[in-house]
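Please construct the entire structure, taking both the sequences and the accompanying hints into account.
Take the sequence shown: its position 56, counting from 1, is numbered 56 in this note's numbering, and each next residue is one higher.
Just so you know, the hints here were simulated from the structure itself, not pulled from any lab data.
Where a beta carbon is used, it is the ideal one built from N, C-alpha and C, also for glycine.
Any given hint might turn out to be false.
Claimed, not checked - EDC-like mimics (lysine to aspartate or glutamate), calculated; alpha carbons at most 20 Å apart, straight line:
id, residue 1, residue 2
1, K42, E65
2, K60, E38
3, K42, E59
4, K42, E67
5, K60, D34
6, K60, D39
7, K42, D68
Stated by the list, open to error - Label-pair restraints from in silico Cβ distances:
id, residue 1, residue 2, range
8, I22, E65, 17 to 23 Å
9, C23, E59, 28 to 34 Å
10, S16, E65, 35 to 41 Å
11, A56, T13, 45 to 51 Å
12, E70, V28, 16 to 22 Å
13, Q66, N21, 27 to 33 Å
14, V14, N69, 44 to 50 Å
15, N69, L41, 17 to 23 Å
16, A46, V15, 33 to 39 Å
17, K60, C23, 25 to 31 Å
18, A55, V15, 43 to 49 Å
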Amino acid sequence: TPKTGDSQEQDGTVVSKPFPNICLPSHVLQTMRDMAPEDALKKLLAGMGTFGTTAADQEKALQLEQEDNE
Numbered sequence: 001t002p003k004t005g006d007s008q009e010q011d012g013t014v015v016s017k018p019f020p021n022i023c024l025p026s027h028v029l030q031t032m033r034d035m036a037p038e039d040a041l042k043k044l045l046a047g048m049g050t051f052g053t054t055a056a057d058q059e060k061a062l063q064l065e066q067e068d069n070e
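Given below as structure tokens:
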């Protein structure tokens with residue numbers, strides 16, 4: 001079974017593919033470094049405008065942001 005990032009060729013050999021590079025601005029990384037992965041993902045998606053947030057989600061994000069600033 002191919003590992004993540006690998007591709008099965010037609011002849012049955014496995015060829016490694018490079019993992020995609022994801023570049024985030026340093027200020028974004030700093031604010032998210034101590035967040036749980038789920039919270040960091042929600043914050044990123046909310047910032048991109050692709051995640052429909054509820055009032056409760058927005059309140060939690062604000063609380064997390066305020067905690068990060070303390």
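Structure-based check of all given hints:
{"no.": "1", "hint": "K42 with E65", "verdict": "holds (13 Å)"}
{"no.": "2", "hint": "K60 with E38", "verdict": "holds (12 Å)"}
{"no.": "3", "hint": "K42 with E59", "verdict": "holds (13 Å)"}
{"no.": "4", "hint": "K42 with E67", "verdict": "holds (16 Å)"}
{"no.": "5", "hint": "K60 with D34", "verdict": "holds (15 Å)"}
{"no.": "6", "hint": "K60 with D39", "verdict": "holds (9 Å)"}
{"no.": "7", "hint": "K42 with D68", "verdict": "holds (16 Å)"}
{"no.": "8", "hint": "I22 with E65: 17 to 23 Å", "verdict": "holds (21 Å)"}
{"no.": "9", "hint": "C23 with E59: 28 to 34 Å", "verdict": "holds (30 Å)"}
{"no.": "10", "hint": "S16 with E65: 35 to 41 Å", "verdict": "holds (39 Å)"}
{"no.": "11", "hint": "A56 with T13: 45 to 51 Å", "verdict": "holds (50 Å)"}
{"no.": "12", "hint": "E70 with V28: 16 to 22 Å", "verdict": "holds (18 Å)"}
{"no.": "13", "hint": "Q66 with N21: 27 to 33 Å", "verdict": "holds (31 Å)"}
{"no.": "14", "hint": "V14 with N69: 44 to 50 Å", "verdict": "holds (46 Å)"}
{"no.": "15", "hint": "N69 with L41: 17 to 23 Å", "verdict": "holds (20 Å)"}
{"no.": "16", "hint": "A46 with V15: 33 to 39 Å", "verdict": "holds (37 Å)"}
{"no.": "17", "hint": "K60 with C23: 25 to 31 Å", "verdict": "holds (26 Å)"}
{"no.": "18", "hint": "A55 with V15: 43 to 49 Å", "verdict": "holds (48 Å)"}
The structure shown violates none of the earlier numbered hints.
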